[in-house]
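Asker: Okay, here's what each chain looks like letter by letter:
There are 2 protein chains.
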Amino acid sequence: MADPRIVRHAEVLVDHSLKVKPGEKILVTGTTAAAPLIRECCRLILKRGAHPIQSINIPGTERLMFEYGNEEQLGFMEPARLLYELADGMINILSEENTKELSQADPVKMSVRRRARHPLLQYIMQGGIRWVLTLFPTNAYAQEAEMSLEEYEQFVYDAVNIDYGELHRSMAAAAEQFNRASKVRIVGKDTDLTVDISGRTAVLCSGEHNVPDGEFFFTPNHLLTEGHIYFEWPSVYSGREVSGIRLEFEQGKIVRYSAEKGGDLLEEILNTDEGARYLGELGIGANFGITRPTKDILFDEKIGGSVHLAVGRAYEEAGAGNESAVHWDMVKNLKDGGEIFLDGRLVQKDGRWVF
Amino acid sequence: MADPRIVRHAEVLVDHSLKVKPGEKILVTGTTAAAPLIRECCRLILKRGAHPIQSINIPGTERLMFEYGNEEQLGFMEPARLLYELADGMINILSEENTKELSQADPVKMSVRRRARHPLLQYIMQGGIRWVLTLFPTNAYAQEAEMSLEEYEQFVYDAVNIDYGELHRSMAAAAEQFNRASKVRIVGKDTDLTVDISGRTAVLCSGEHNVPDGEFFFTPNHLLTEGHIYFEWPSVYSGREVSGIRLEFEQGKIVRYSAEKGGDLLEEILNTDEGARYLGELGIGANFGITRPTKDILFDEKIGGSVHLAVGRAYEEAGAGNESAVHWDMVKNLKDGGEIFLDGRLVQKDGRWVF
Chain B
1 MADPRIVRHA EVLVDHSLKV KPGEKILVTG TTAAAPLIRE CCRLILKRGA HPIQSINIPG
61 TERLMFEYGN EEQLGFMEPA RLLYELADGM INILSEENTK ELSQADPVKM SVRRRARHPL
121 LQYIMQGGIR WVLTLFPTNA YAQEAEMSLE EYEQFVYDAV NIDYGELHRS MAAAAEQFNR
181 ASKVRIVGKD TDLTVDISGR TAVLCSGEHN VPDGEFFFTP NHLLTEGHIY FEWPSVYSGR
241 EVSGIRLEFE QGKIVRYSAE KGGDLLEEIL NTDEGARYLG ELGIGANFGI TRPTKDILFD
301 EKIGGSVHLA VGRAYEEAGA GNESAVHWDM VKNLKDGGEI FLDGRLVQKD GRWVF
Chain L
1 MADPRIVRHA EVLVDHSLKV KPGEKILVTG TTAAAPLIRE CCRLILKRGA HPIQSINIPG
61 TERLMFEYGN EEQLGFMEPA RLLYELADGM INILSEENTK ELSQADPVKM SVRRRARHPL
121 LQYIMQGGIR WVLTLFPTNA YAQEAEMSLE EYEQFVYDAV NIDYGELHRS MAAAAEQFNR
181 ASKVRIVGKD TDLTVDISGR TAVLCSGEHN VPDGEFFFTP NHLLTEGHIY FEWPSVYSGR
241 EVSGIRLEFE QGKIVRYSAE KGGDLLEEIL NTDEGARYLG ELGIGANFGI TRPTKDILFD
301 EKIGGSVHLA VGRAYEEAGA GNESAVHWDM VKNLKDGGEI FLDGRLVQKD GRWVF
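So the protein sequences, as listed, match chains B and L. The working numbering puts the first residue of the first sequence at 1, with every later residue one more than the last. The working numbering puts the first residue of the second sequence at 1, with every later residue one more than the last.
FYI, nobody ran anything at the bench for these hints, they're computed from the structure. Watch out, some of these pointers could steer you wrong.
No distinction is drawn between identical chains; accordingly, a pair holds when it is met within one copy or between any pair of copies.
Calculated cross-link-like contacts (lysine to aspartate or glutamate; reagent style EDC-like; alpha-carbon spacing at most 16 angstroms) [as the list claims (entries may be wrong)]:
| # | residue 1 | residue 2 |
| --- | --- | --- |
| 1 | 183 | 72 |
| 2 | 47 | 67 |
| 3 | 25 | 72 |
| 4 | 47 | 71 |
| 5 | 25 | 78 |
| 6 | 189 | 350 |
| 7 | 21 | 72 |
| 8 | 189 | 274 |
| 9 | 295 | 250 |
| 10 | 47 | 72 |
| 11 | 100 | 241 |
| 12 | 335 | 350 |
Given only the sequences and the hints, what does the whole structure look like? Please build it.
Answerer: Given below as C-alpha cells:
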C-alpha cells in the first residue's frame with residue numbers, strides 16, 4: 001500500500017487540479033524517481049475511467065543530449081509534440097535526482113534546446129492542454145532545502161495536501177480587499193515600498209496549475225512603484241542564487257540595487273533589457289502550510305505571510321503590463337514585523353491578516 | 001562509468017542489430033529497472049547522430065490496467081501507435097521486476113488487451129519498424145533461473161556479448177549441410193525423431209531481432225514427421241510450466257503425449273486446434289555462450305547443443321507450413337549423448353558439430 005500522503009497528493013492532482021473525466025487522455029510526466037506518485041496518479045486516472053499516458057525519463061539521459069547532441073538532435077521534440085496533441089491534460093512532476101545535473105552543460109546547446117521547446121510551451125500556455133505542475137520529494141530537493149529526505153517529505157506534503165476549498169475562500173476574502181484598493185504599501189525590515197494596483201483585479205491560484213498553490217497576484221501599474229525593499233530570503237534565477245537583494249524604485253524603475261551575494265548576476269539580469277528594471281507582478285503568498293523558504297519558487301512564492309515581486313514581464317492573465325525577456329520572482333518575508341497597508345489601512349501584520 | 005558489459009550490450013543493439021544511422025528515430029522501451037541499459041542505448045544512439053525516444057514503464061502500472069480498466073481503457077493503444085509510426089527502429093528491453101506480476105490478472109481483460117495490441121504487433125511484423133528484443137538482468141529473471149543476480153548477470157552477458165560475425169559464419173557452415181539434406185534425425189535420451197526439411201532453406205538468426213541470438217530454423221514438411229522425442233528441460237507456455245514432455249508422431253501428427261508435470265496444460269494446448277498437433281518449426285541452437293536452460297525461451301532455444309521443435313504455427317519467413325493459433329517452442333538437450341543425422345550421416349554428437 002502506498003504512503004497515504006502520496007495517495008492524497010494524486011487525488012489533488014487528478015481530481016482537484018485537472019478534474020479528470022471518463023475517456024480523457026492524461027499525460028503523466030516525470031522521472032523514475034517519482035514512480036510512487038506516478039503509479040498513484042495512473043491508478044486514480046484509471047478509476048476515473050480515463051487513460052493514463054506515462055512519459056517517464058531516466059535521470060541522466062537529458063544531460064547526454066547536451067554532451068553528444070548536434071543542432072538537429074537538440075531540436076528533436078516530435079515525441080513530446082505528438083503526446084501533447086493527443087492528451088487532454090498533463091501532470092508534470094518535477095522529480096530530479098540531482099538539481100545540478102545540467103550545471104556543466106554547454107549554455108549554447110541549452111539555449112538551442114530551450115528554443116526548440118518553446119512552441120510546446122506556447123501550445124500549453126495557449127490552452128492546448130490542461131496542465132498542472134507539481135514536485136515529488138527527492139534527496140536532491142531535500143539537499144537544496146537543507147533538510148533530511150524525511151523532513152522534506154513532510155514539508156512537501158504539509159504544503160501540498162491542504163484543503164483547497166478553504167484556501168480559495170480565504171484568498172478570495174483577502175483579494176476582495178486588494179481589488180478595491182489603489183496603493184499597496186509593504187513595510188518591513190529595511191523595506192517601505194508602494195505598488196500601484198488601481199484598476200487591477202487579483203488572479204487567484206488555488207491548485208489549478210501549481211501544486212502546492214496558494215497565492216493571488218496582480219499586474220501592477222509598473223510606472224508607479226516607489227520606495228525600497230530588502231529580501232532576506234535568497235532568490236534563485238535559472239539555478240543560480242542571489243541573496244540579500246535590495247532594490248530602490250523611482251517612478252517604477254529600479255534606480256539603485258545591491259546584493260549581499262551574487263551581485264554580478266543581479267546586475268546582469270537587471271541589464272537584460274529596459275523592462276527588467278520594472279515590476280511585472282505583485283503576488284501575495286497564502287499557503288500557511290509552507291512555513292519556510294527552500295530556494296524553490298514553486299514553494300517559496302506561496303508561503304503564507306510573504307509577498308513576492310517579479311522584475312520583468314507581466315503575466316497576461318492579470319492584465320497587460322510591463323514587458324521583458326526576464327520574469328524573476330523575489331520573495332519577501334513579512335512574518336517578522338512586516339506590514340501591508342491598502343490605501344493607508346493596515347490589513348496584514350507579522351504575516352497574518354488583520355482585517 | 002557504466003558496467004562495461006552494459007556498454008557492450010548497447011553496442012550490440014544499436015550498431016549490430018539496428019545499425020542505427022544519423023537522423024533516425026529510435027524508440028527504446030523497457031521498465032525503470034533497465035535504466036542502466038536504456039541510458040547507454042540513448043548515449044550510443046546520440047553518438048550515431050540519431051534521436052533516442054524513451055518509452056519507459058513504471059513496474060506495477062500495467063497491472064492497474066487489469067484491476068480498474070474497462071473495455072475502452074484496455075483497448076487504448078494510441079500513444080504506442082503514434083510512437084511506433086514515428087520511429088524507424090525499436091529496442092524492446094524485457095525488464096520485469098516480478099515475472100508473476102500479472103498472474104492474478106483477469107484472463108478475459110488480458111485477452112481484450114492482447115487483441116488491442118495485435119495491430120501493433122502486425123505493424124511491427126510487417127516491417128513498419130526495425131526491431132530488436134532483448135533482456136536486462138533483474139532479480140525477477142535471476143530468481144526464475146534459480147541464480148543470484150550477480151550469477152545471472154554474467155549468464156546474460158556471456159550469452160549477449162558474443163562475436164556475432166563468428167556466430168554467423170559458424171551457423172552458415174552448419175546450415176549449408178542442412179539445406180542440402182531431406183531428413184533430419186534426432187537421437188537422444190528416449191528420443192528418435194525424423195523431421196523432413198526437403199526443399200526447405202534455413203533462416204539464420206544472428207542478432208538482427210533477438211539479443212541473445214544464435215539459431216537457424218526451418219519450416220518442416222509437417223505431414224512427414226515420424227518417431228518420438230522426450231524433453232528433459234521444462235517448457236513454458238504463457239508463463240506456465242510443463243516438464244518432462246514426451247511426444248510421439250505418426251505421419252506428422254502427435255498421436256501420443258505425456259508430461260511428468262503439467263500434463264493438463266499440455267493436453268489443453270494440443271487440443272487448441274488441428275494444427276496444434278503438428279510441427280511448425282525445427283530450430284538448431286548455436287549460441288555456445290549459453291550453457292544451461294533458464295525457462296526463458298529467448299535464451300533456451302539458442303543454447304548451443306540443443307534443438308527445438310515448435311508445435312503449431314510455422315513462421316512465414318522460413319516458407320509456408322503448418323497453421324495454428326499455437327506456437328510453442330520445446331527445447332531438447334543434445335549435449336549428453338545426443339546425435340543429429342542428416343540423411344543418415346552423423347553431423348552432431350554430444351552437442352558438438354562433427355562434420
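Asker: Next step is simple, just say for each hint if it's right about the structure.
Answerer: Hint-by-hint comparison with the structure:
1. 183 to 72: Neither. Shortest intra-copy (50 angstroms) and inter-copy (55 angstroms) distances fail the 16 angstroms Cα cut-off.
2. 47 to 67: between (41 angstroms within a copy, 9 angstroms between copies)
3. 25 to 72: between (30 angstroms within a copy, 12 angstroms between copies)
4. 47 to 71: So residue 47 and residue 71 pass the 16 angstroms test across copies only (13 angstroms; inside, 42 angstroms).
5. 25 to 78: between (18 angstroms within a copy, 10 angstroms between copies)
6. 189 to 350: within (11 angstroms within a copy, 88 angstroms between copies)
7. 21 to 72: Intra 38 angstroms, inter 14 angstroms, cutoff 16 angstroms: inter-copy only.
8. 189 to 274: neither (28 angstroms within a copy, 88 angstroms between copies)
9. 295 to 250: neither (28 angstroms within a copy, 78 angstroms between copies)
10. 47 to 72: Between copies only: 13 angstroms across chains, 40 angstroms inside a chain, cut-off 16 angstroms.
11. 100 to 241: within (13 angstroms within a copy, 49 angstroms between copies)
12. 335 to 350: Within one copy only: 4 angstroms inside, 83 angstroms across.
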